[in-house]
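A.B. asks: In case you want the letters, here they are:
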Amino acid sequence: MAVYNKGSSSVPVARRTVLGFGILGVLGVLFGSKLSNRLNGLFSGLSPNNPLSNLLPGGAGFEIYTVAGFPVEKPVQYRLEVSGLVNTSLSLTYEDLLKLPVTHLTKDFQCVTGWRVPNVKWSGVRLSNVLELAGLKENAKAVLFKSFDGVYTESLTLNQAMRSDVIVAYSMLGGPITEEHGGPVRLYVAPMYGYKSIKWLASIEVAKAIVPGYWENLGYDQNAWIGRSNGRTDQPVD
Amino acid sequence: MDEPINRLTEDNPDSRGDIQRFDSAERLIHWTTALLMILCIGSIVAIQIPSAMVFFGGRTILRIAHILTGILLPVPLWLGLVLSKNSKCLKKDLYSLGHFTKEDFKWIRYWGNNKTLKLKKFNGGQKANYSFISGSVVVMIITGLVMQSFNLLPLNLRIGATFTHKLFAILIVIVLIGHIFYAVGNPESLKSMITLKVSKKWATIHCKDWVVESEDDDMISD
Numbered sequence: 013m014a015v016y017n018k019g020s021s022s023v024p025v026a027r028r029t030v031l032g033f034g035i036l037g038v039l040g041v042l043f044g045s046k047l048s049n050r051l052n053g054l055f056s057g058l059s060p061n062n063p064l065s066n067l068l069p070g071g072a073g074f075e076i077y078t079v080a081g082f083p084v085e086k087p088v089q090y091r092l093e094v095s096g097l098v099n100t101s102l103s104l105t106y107e108d109l110l111k112l113p114v115t116h117l118t119k120d121f122q123c124v125t126g127w128r129v130p131n132v133k134w135s136g137v138r139l140s141n142v143l144e145l146a147g148l149k150e151n152a153k154a155v156l157f158k159s160f161d162g163v164y165t166e167s168l169t170l171n172q173a174m175r176s177d178v179i180v181a182y183s184m185l186g187g188p189i190t191e192e193h194g195g196p197v198r199l200y201v202a203p204m205y206g207y208k209s210i211k212w213l214a215s216i217e218v219a220k221a222i223v224p225g226y227w228e229n230l231g232y233d234q235n236a237w238i239g240r241s242n243g244r245t246d247q248p249v250d
Numbered sequence: 518m519d520e521p522i523n524r525l526t527e528d529n530p531d532s533r534g535d536i537q538r539f540d541s542a543e544r545l546i547h548w549t550t551a552l553l554m555i556l557c558i559g560s561i562v563a564i565q566i567p568s569a570m571v572f573f574g575g576r577t578i579l580r581i582a583h584i585l586t587g588i589l590l591p592v593p594l595w596l597g598l599v600l601s602k603n604s605k606c607l608k609k610d611l612y613s614l615g616h617f618t619k620e621d622f623k624w625i626r627y628w629g630n631n632k633t634l635k636l637k638k639f640n641g642g643q644k645a646n647y648s649f650i651s652g653s654v655v656v657m658i659i660t661g662l663v664m665q666s667f668n669l670l671p672l673n674l675r676i677g678a679t680f681t682h683k684l685f686a687i688l689i690v691i692v693l694i695g696h697i698f699y700a701v702g703n704p705e706s707l708k709s710m711i712t713l714k715v716s717k718k719w720a721t722i723h724c725k726d727w728v729v730e731s732e733d734d735d736m737i738s739d
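Chains as they are written, first to last, in the numbering used here: chain A, 13 to 250; chain B, 518 to 739.
Check each hint, because a few of them may be wrong.
Under the rule of at most 35 Å between Cα atoms (straight-line distance), these lysine-lysine pairs were calculated in the DSBU-like manner [claimed, not checked]: (1) B:Lys632 x B:Lys609; (2) B:Lys635 x B:Lys708; (3) A:Lys133 x B:Lys683; (4) A:Lys119 x A:Lys86; (5) B:Lys683 x A:Lys119; (6) B:Lys718 x B:Lys623; (7) B:Lys708 x A:Lys158; (8) B:Lys683 x A:Lys46.
Because the hints were derived from the structure by calculation, they are not lab data.
Next up, chain A with everything else stripped away, as it sits in the complex (with noise of 0.2 Å):
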């Protein structure tokens, strides 16, 4: 029978009961990387636009990021301006967009925290038909990117930019792209981590070099392969 003594000036806490989840709880941040790998997709089965794909564990969700907040900018007013090393400065509108030959993608999203979002219906524009447009000059190397949140900066080298499966997107999950997914216009970086799909695309800039973006300045890889850089080995987007 557990009796309180009274004269005791024990503070009577479970220190137990503290210290074991203490524990508990280190373990987790040390091995649960392991586990969350290998639960991952687990819940796959629910829709992206489930808002308990977000709360569980495995759950195959967006989570949803932003740097600064959530600028809004409707599709009328919506301008991308086009510069830099390029024959002729464009700025499009979201109507110029929509006329330019549609590529449809359906591929994993897969974020550099580790969860993924599988099968993900993305349409939009090449990103290589909108620097065709534009004309490239001789000597550009790289193709910097900002959001119009005026905080979030991203870039590629222009041999990543060309490839087939990064585009400029406004349409994903099978509609418009909403504001908290980066609408109208974002960039969709198939093979790489999701800090490089750059959401609110305002402006894209032919360069001579790479400047590094937002997440490059805190430590992330450049080259941001899925499955070959930052210390992870995901299955690669291709």
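Following the hints, complete the assembly by docking chain B onto the known chain A.
C.D. replies: Below, chain B without anything else, positioned relative to chain A:
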């Protein structure tokens, strides 16, 4: 010991009146912790729902609210222990909540459905609830802090922390739903977290051995 148990029954006139179950310090700690818990869970749920996120002022505000209320969760209990040195109830209750006896494991095994169980103030289920929630808050704070350490720690540790944080979040919600379910199912017990008292009749049914034991204790007031 056997004699008083026989004496106290539902119909016995001695079983009338109220007895004190909690003191006001415990009540304050319970409801401030509950409020923090609601804000902590509410803010992170709102972040998942875009329309709710915009309604409550955006991701940044909700994120700060989540982190702040999460870190503050253990504070009411800790403050209560520091400030209310005279609250014998709090220390005594915490002591018994944190210490499992064979009887408690037996209670959990039968989930209370066994006539031979001793009915103390807190049963095995209540003790398990307390231990799990207080321990989980430690897990959530450790993993939560790792999740925030963008440049300091390797990515793999942050992924592990995120995973553990989510896993325990689900377990906490399940246990809390259980806690609320049993509270609503026992209105007298729920009411005592407001009025601090239970009827002697209720206590005799649910915590007979506690009533007997504390007959001459100063926690009881008729």
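A.B. asks: Look at each hint and say if it fits the structure.
C.D. replies: Now the hints, each set against the structure:
no., hint, in the structure
1, B:Lys632 x B:Lys609, "holds, 26 Å"
2, B:Lys635 x B:Lys708, "holds, 24 Å"
3, A:Lys133 x B:Lys683, "holds, 27 Å"
4, A:Lys119 x A:Lys86, "holds, 26 Å"
5, B:Lys683 x A:Lys119, "holds, 26 Å"
6, B:Lys718 x B:Lys623, "holds, 24 Å"
7, B:Lys708 x A:Lys158, "violated, 58 Å"
8, B:Lys683 x A:Lys46, "holds, 15 Å"
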